[in-house]
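Protein chains in written order, with the numbering used here: chain A, 1 to 272; chain B, 1 to 300; chain C, 1 to 369.
Read the hints as simulated data drawn from the structure, not as lab findings. Incorrect hints may have been included.
Said to hold, decoys possible - Taking CB as the label site, the calculated pair distances span: (1) A:Thr159 / C:Ser155: 37 to 47 angstroms; (2) B:Thr286 / A:Ile249: 34 to 44 angstroms; (3) C:Asp94 / A:Phe59: 49 to 59 angstroms; (4) B:Val32 / A:Phe59: 31 to 41 angstroms.
Said to hold, decoys possible - Mimicking BS3-like on lysine-lysine, the simulated pairs with C-alpha atoms at most 27 angstroms apart in a straight line are: (5) A:Lys260 / C:Lys123; (6) C:Lys97 / A:Lys162; (7) C:Lys242 / C:Lys210; (8) A:Lys175 / C:Lys54; (9) C:Lys290 / C:Lys310; (10) A:Lys175 / A:Lys162; (11) A:Lys8 / B:Lys78; (12) B:Lys105 / A:Lys260; (13) C:Lys121 / A:Lys162; (14) A:Lys175 / C:Lys242; (15) C:Lys67 / A:Lys162; (16) B:Lys291 / B:Lys78; (17) A:Lys162 / C:Lys353; (18) C:Lys210 / C:Lys54; (19) C:Lys210 / C:Lys241; (20) C:Lys204 / A:Lys175; (21) A:Lys8 / A:Lys158; (22) C:Lys123 / A:Lys188; (23) C:Lys96 / C:Lys210; (24) A:Lys158 / C:Lys123; (25) A:Lys188 / C:Lys290; (26) A:Lys175 / C:Lys353; (27) A:Lys264 / B:Lys78; (28) C:Lys121 / A:Lys188; (29) C:Lys290 / A:Lys175; (30) C:Lys319 / C:Lys160; (31) A:Lys188 / C:Lys97; (32) C:Lys354 / A:Lys162; (33) C:Lys242 / C:Lys290.
To be verified - Under 7 angstroms between C-beta atoms, here's a sample of chain A residues computed to sit facing chain C: (34) Pro161; (35) Leu164; (36) Ala167; (37) Leu184; (38) Val186.
Glycine included, every Cβ here is placed at the ideal spot set by N, Cα and C.
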Amino acid sequence: MTTSLPKKIWIYFLLIVTSFLVFFPVMYAFLISFMTGPELLQGKFLPQSFSLDNYIKVFDRLPLLNYLLNSFIVSVSVMLGQLAVCSLAAYAFVFIQFKGRDFIFFLFISTMMIPWEATMIPNKFTIQKLDWLNTYQGLTLPFFALAFGTFLLRQHFKTIPKELHEASQIAGLSKFAFFRRVILPVSKTSLVTLGAYGFLTTWNMYLWPLLITTNKSVRTVQIGLKQLQSLETGTEWGVVMAGVIVVIIPTLLLLFLGQKQLQKGLTQGALK
Amino acid sequence: MTLLEKPGIWKRTANGRTALLYLLPSILLFSVFVFYPMFRTIYLSFFLTDQNGDAAIWVGFENYSYLLESTAFINSMKATGLFVLYTVPIGIILALFFALLANEKLRGIGFFRTVYSSTMGISVAASSVIWLFMFNPSMGMFNRLLSLLNLPQIQWLLDPQWALLSVSISTIWMNIGFSFLILLGGLQNIDEHLYESSRIDGAGYFYRLRRITLPMLSPTLFFIITISLINAFQSFGQIDILTQGGPSASTNLIVYSIYREAFINYQFGTASAQAVTLFIIILIVTILQFKLGERRVHYQ
Amino acid sequence: MSKSYDKQVDVISNINVTIEPGEFFVLVGPSGCGKSTMLRMIAGLETITSGTLKIGDQVANHLSPNKRDLSMVFQNYALYPHLTVQQNITFGLDVKKVKKAAQRERAAEVAKMLGLTDYLKRKPRELSGGQRQRVALARAIVSESPICLMDEPLSNLDAKLRAHMRTEIRRIQRKLGITMIYVTHDQVEAMTMGDRIMILHEGKIQQVGKPIDIYNNPANPFVATFIGSPPMNLAYSDVDKKASAIVIGDILRLPVPPEEVISIPEYQLIAGIRPEHLRPALKDTPEKDKLYVVVTNVEVLGNETVFSFKLGTNEWMAKWSGQWHIDIGDSIPILIDYGAFCLFEARTGDLIKKPTDLGNSVFGKEVLV
Chain A
1 MTTSLPKKIW IYFLLIVTSF LVFFPVMYAF LISFMTGPEL LQGKFLPQSF
51 SLDNYIKVFD RLPLLNYLLN SFIVSVSVML GQLAVCSLAA YAFVFIQFKG
101 RDFIFFLFIS TMMIPWEATM IPNKFTIQKL DWLNTYQGLT LPFFALAFGT
151 FLLRQHFKTI PKELHEASQI AGLSKFAFFR RVILPVSKTS LVTLGAYGFL
201 TTWNMYLWPL LITTNKSVRT VQIGLKQLQS LETGTEWGVV MAGVIVVIIP
251 TLLLLFLGQK QLQKGLTQGA LK
Chain B
1 MTLLEKPGIW KRTANGRTAL LYLLPSILLF SVFVFYPMFR TIYLSFFLTD
51 QNGDAAIWVG FENYSYLLES TAFINSMKAT GLFVLYTVPI GIILALFFAL
101 LANEKLRGIG FFRTVYSSTM GISVAASSVI WLFMFNPSMG MFNRLLSLLN
151 LPQIQWLLDP QWALLSVSIS TIWMNIGFSF LILLGGLQNI DEHLYESSRI
201 DGAGYFYRLR RITLPMLSPT LFFIITISLI NAFQSFGQID ILTQGGPSAS
251 TNLIVYSIYR EAFINYQFGT ASAQAVTLFI IILIVTILQF KLGERRVHYQ
Chain C
1 MSKSYDKQVD VISNINVTIE PGEFFVLVGP SGCGKSTMLR MIAGLETITS
51 GTLKIGDQVA NHLSPNKRDL SMVFQNYALY PHLTVQQNIT FGLDVKKVKK
101 AAQRERAAEV AKMLGLTDYL KRKPRELSGG QRQRVALARA IVSESPICLM
151 DEPLSNLDAK LRAHMRTEIR RIQRKLGITM IYVTHDQVEA MTMGDRIMIL
201 HEGKIQQVGK PIDIYNNPAN PFVATFIGSP PMNLAYSDVD KKASAIVIGD
251 ILRLPVPPEE VISIPEYQLI AGIRPEHLRP ALKDTPEKDK LYVVVTNVEV
301 LGNETVFSFK LGTNEWMAKW SGQWHIDIGD SIPILIDYGA FCLFEARTGD
351 LIKKPTDLGN SVFGKEVLV
């Protein structure tokens, strides 16, 4: 399709203005993260120098490295857990014929209607009774099973020709070997999508770590941000913003790398 | 027909048993962390509880009738309703507008797509901290902008009249990335030939938008509306960081209210009753969406 | 080795057939006739409701697919997209824990036979349709199973490639002496490839036999129209015993030799004749043997000419070899010979009269027409 030149200019204009507005808060935070207290008070827009003082300070002020590591461990565990649990379930739904499949499938759907926040009170006590407060398993295990993830993978598994299944039956492959040696490698793209989604949402999780962590041992960066923000007074905003930038870099990078994949995968999972 | 014994029950249920094995992790986790706590929440909502969250005194529907009479809860419901009304329609319209722009085939469009979707990669906590500073009465950029324009200063997060609006603005921004990504995906799934044939018929941009794009996009729109509604009802992080429910409870959204009731006031009974209310609201939203959606949405 | 088959369900019923070792056996029929289902039951991918399936002397009804010692080629080839050609070919061997060195050796050998040697490192998506087909074939051959099942393996190829692969598959099957069970909806494939073919329709066997026998002596009107292109011309007919004649389509009256007319029953019949047996009337043909027909459509194919005409309510076709200058609307004299007709009983569809032998033979250096 060809677009006329005036129309092109008009679209570029809109694109530039709106994307600037959308990205503004991030750029703003980035600039602030280099500013000293006095600069902030003067209301400057650009920092005088790009010194890393604030970044050094924020690692001093908080066990930020520790938090980053915690967040990373928690996010990777949830990601791997979700991939394993969801792909197993999706495989059963697509490739095994059994009685009650529709009923169990309905049960899975129904979990999407129960908001996590409505069940958080008993969940917190469950974790407490298991003595899992301030542990990685307490932070991660409840999120391993994910109806959305199961659907996403189920949609993809359904597009795998059933002849592949039959061909491996003739070759003598067991069900689990077929799952591991054929289904998983063939579905790499959806697994990557779900993995990125799982990592992103877990990294950004807020309420659950707030309930489950009471000390810094397994506390995640998001809670660290809240701490940072409430500890700092008046003029130390540069340090706070440095913390913010450090926390958002991993997920932004992930998003930039996987934007296309994520968009494709999520739309597919959502609509079929 | 000599050697043909009927396979026994053990053999016939083989598939069922294998399937169960594959589903077991999911079923187990869903039972422990979704179904059990849901029933437990409903159960607790009929009790007064002790400090450990165990049921102490049966009170029937008293927790609910207490909520219905409590001005705090009614305010919280009102605030939640307003918040949803502020954030969902504007958020989706903006995301749709960006998605339409970013769906044009132009040089460097990938860059713009990445920028629009970027807010999805920024956590609620991080976004809230950024916006907290932007709303800062003395140093934040909003008030600096106002003073540049010689307009009166606004106490964005401290003025009960503005607080909910301010939180809504920041929330719209946080959610735009995800909605954009989904809508762009939906737009790209539309068959190019439809546009080509309509061009041959001489249809203009807005005609195509109204007659092809929006109808073909309706399943995606339907999906993103549902998700956005549910997300809006579940907002918590931005409240906790920006306003803590204040000023004068004007931003005490339902999830924040549950959180405070349960983990600050230790009133697990009434908190559970609120949680059940949240569950029912979301259930109704989803069912309504499906009922309406079935009739109006154009599926391929 | 033998297979007996009985199944009493809607899809397939009363199938009873024995396939000889080393035979190229083709299952042919229109789509939905149950031929694929039957193949999949042999493979063990679908359960057999009743009846027995024997492979060799062993009852195989409840054997899992891999214990039946057979290989299968699928319509969409079912190549593993994440594996290279080499890995695809050796996949089954790997599952059976064949040694790596032996795997490579066998793969190389099969690849050479099929001209795939240069492509062993590629992924299936980098191959053309024909090459993918070869990989699927290679995968079946490399297993060295005595039985190979093929489910419409050529239907995704273009016409030229299809003709080429037909001969190639046939060649390999002869060379290796495998028993081949081949499913297709294409009667040309069935005719050209099969040692024997089985025609299925609505889950029932219509006819089993050598291709040429089926072409010449179709067991019923369905087979008559399914095999051969253009199909056999059919029309309802009645016998007039007093006049020793047969009335075809209420219009055409043909004399029947008196010794034959006795054996024709008196209920309604369907008469059928192959288009190539409707021959042009020659100059010295007596006028009473000529039938003038009005041409409704003509296709000149270079080496042959096919035209249609109306016989009563039926549209018939004639096929003459060579190029003929015929226009729509022309009235053409044709010669119809009673001997070339098949007769079927209208109610049951049974064949009651075969056409006389019309094949040509070569004796020594003389051609006999």
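Comparing the hints with the structure gives:
1. A:Thr159 / C:Ser155: 37 to 47 angstroms: violated, 21 angstroms
2. B:Thr286 / A:Ile249: 34 to 44 angstroms: holds, 36 angstroms
3. C:Asp94 / A:Phe59: 49 to 59 angstroms: Given about 51 angstroms between the Cβ atoms, the range holds.
4. B:Val32 / A:Phe59: 31 to 41 angstroms: Distance hint for Val32 (chain B), Phe59 (chain A) holds at roughly 38 angstroms.
5. A:Lys260 / C:Lys123: holds, 24 angstroms
6. C:Lys97 / A:Lys162: The hint holds at about 24 angstroms.
7. C:Lys242 / C:Lys210: violated, 38 angstroms
8. A:Lys175 / C:Lys54: Given pair Lys175 (chain A), Lys54 (chain C) holds - Cα atoms ~26 angstroms apart, limit 27 angstroms.
9. C:Lys290 / C:Lys310: holds, 16 angstroms
10. A:Lys175 / A:Lys162: holds, 13 angstroms
11. A:Lys8 / B:Lys78: violated, 45 angstroms
12. B:Lys105 / A:Lys260: holds, 15 angstroms
13. C:Lys121 / A:Lys162: holds, 25 angstroms
14. A:Lys175 / C:Lys242: Violated. Lys175 (chain A) to Lys242 (chain C) sits at ~72 angstroms, over the 27 angstroms cutoff.
15. C:Lys67 / A:Lys162: holds, 20 angstroms
16. B:Lys291 / B:Lys78: holds, 25 angstroms
17. A:Lys162 / C:Lys353: violated, 46 angstroms
18. C:Lys210 / C:Lys54: The given pair, whose Cα atoms are some 23 angstroms apart, holds under the 27 angstroms limit.
19. C:Lys210 / C:Lys241: violated, 34 angstroms
20. C:Lys204 / A:Lys175: Not OK: Lys204 (chain C) and Lys175 (chain A) at ~34 angstroms, beyond 27 angstroms, violated.
21. A:Lys8 / A:Lys158: violated, 41 angstroms
22. C:Lys123 / A:Lys188: holds, 15 angstroms
23. C:Lys96 / C:Lys210: Roughly 37 angstroms separates the two Cα atoms, so the pair is violated.
24. A:Lys158 / C:Lys123: At roughly 22 angstroms apart (the allowed maximum being 27 angstroms), Lys123 (chain C) and Lys158 (chain A) satisfy the hint.
25. A:Lys188 / C:Lys290: violated, 72 angstroms
26. A:Lys175 / C:Lys353: violated, 55 angstroms
27. A:Lys264 / B:Lys78: This hinted pair is violated, its Cα atoms lying about 37 angstroms apart.
28. C:Lys121 / A:Lys188: holds, 20 angstroms
29. C:Lys290 / A:Lys175: violated, 70 angstroms
30. C:Lys319 / C:Lys160: Holds: Lys319 (chain C) and Lys160 (chain C) sit about 23 angstroms apart, inside 27 angstroms.
31. A:Lys188 / C:Lys97: holds, 26 angstroms
32. C:Lys354 / A:Lys162: violated, 45 angstroms
33. C:Lys242 / C:Lys290: Roughly 23 angstroms separates the two Cα atoms, so the pair holds.
34. Pro161: holds, 6 angstroms
35. Leu164: holds, 5 angstroms
36. Ala167: holds, 4 angstroms
37. Leu184: violated, 9 angstroms
38. Val186: holds, 5 angstroms
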